[in-house]
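**Q** Could you build all of it, start to finish, from the sequences and the hints given here?
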Amino acid sequence: MVLAAGAILLGAVVALSLRQRYAPAASISPSASHLPAPDFNLSQLDGPTLRLSSYRDKIVLLDFWATWCAPCREETPNLVNLQKEYGDRGLQIIGVSMDDSAEPVHAFYRQFHMNYPVVMGNAKTGELYGGVLGLPIAFLIDRNGRIYKKHVGATDPAVFEKEINLLLGTR
Amino acid sequence: MRIAYTLAKSAFIFATIAVFAIVHAAGQASSIPTTRLIQPEELVKLLKTSGKDAPLMIQVGSHVLFAQAHIPGSEYIGPASGDSGVQQLQKRVQSLPRTKFIVLYCGCCPWGHCPNVKPADDALHALGFNNVKVLYIADNFGTNWVDKGYPVAKGE
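Residue numbers (this note's numbering), protein chains in the order written: chain A, 1 to 171; chain B, 1001 to 1156.
Read the hints as simulated data drawn from the structure, not as lab findings.
Remember, predicted model here, so these are calculated numbers, not experimental data.
Wrong hints could be hidden among the right ones.
What the hints assert, rightly or not - Here are the in silico distance ranges between beta carbons for each label pair:
#1 B:D1083 / A:E161: 35 to 43 Å
#2 B:L1096 / A:R146: 49 to 57 Å
#3 A:N81 / B:A1138: 26 to 34 Å
#4 A:R110 / B:D1122: 24 to 32 Å
#5 A:K124 / B:K1100: 32 to 40 Å
#6 B:D1083 / A:G47: 26 to 34 Å
#7 B:D1122 / A:D46: 34 to 42 Å
Using N, Cα and C, we set each Cβ at its ideal position, and we do this for glycine too.
**A** Quick look at the structure:
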């Protein structure tokens, strides 16, 4: 009986945690949909600059995040899995770090075995995308460089998968 | 013997759950008492009427977010989830009277996930400040402040 009570309590804690994690999924904003994704040219971590428009013909998941953002930390392993799963089929995830400096981003990149490019964003990048005033915010961009969907807050990976599969089926 | 083992196992599970719950809540904004919160609409009203008695408003989140949008007149300190942010905050307020009205805010993440406001609130209370409010931002600064049409400033 004691064990059963413990299991119920544990279940409640896990359920609460999942609810908090994906609670903002309802806040998908349709307002940004189908507008051209603003282009940018930003430095990658230890690498050359990255121009967003050079990823035309790919489906791009542009993820604004930061190392200190708890939902971003929870979401990153899902994004790594998505890149692993769909990379060969035309998905390219690009992380835009909104950290104030690159130092913690390098450590985070190694810790989470990130398998997609990360660039250092800034206020101007945020403004290009209508203001990134809360994290994470992700934009799913189609092969023609148009924003298909904007997701505010941590997003259930199943939602991303559904949308990615939909876009992979169109040319 | 078997009963003792079961009881010990149960106690261990409960202790693990309790520690998990405490650690999970310790650094989070959701553990700030509601009496210490101020709602966005309340702050907007206050700023319209307070004049020279306006509170000292301190943003304790990311500079990249501050540069895009912040409450006019507020000051940037740095993320209070890190030691340097807390130190900056302590330095900023050290010479102020402990009755000074201070409003802390961040808005980086949904309230339950904000890593910054709780350490900042704790730091001010540890210094003896007794007139501190934390701005309750449910989702993020964009949704709960900018999109509501409340006053915004940009830049450094």
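**Q** For every hint, state whether the structure bears it out.
**A** Now the hints, each set against the structure:
{"no.": "1", "hint": "B:D1083 / A:E161: 35 to 43 Å", "result": "39 Å, holds"}
{"no.": "2", "hint": "B:L1096 / A:R146: 49 to 57 Å", "result": "51 Å, holds"}
{"no.": "3", "hint": "A:N81 / B:A1138: 26 to 34 Å", "result": "29 Å, holds"}
{"no.": "4", "hint": "A:R110 / B:D1122: 24 to 32 Å", "result": "31 Å, holds"}
{"no.": "5", "hint": "A:K124 / B:K1100: 32 to 40 Å", "result": "35 Å, holds"}
{"no.": "6", "hint": "B:D1083 / A:G47: 26 to 34 Å", "result": "30 Å, holds"}
{"no.": "7", "hint": "B:D1122 / A:D46: 34 to 42 Å", "result": "36 Å, holds"}
Every hint from the earlier list agrees with this structure, and none is contradicted.
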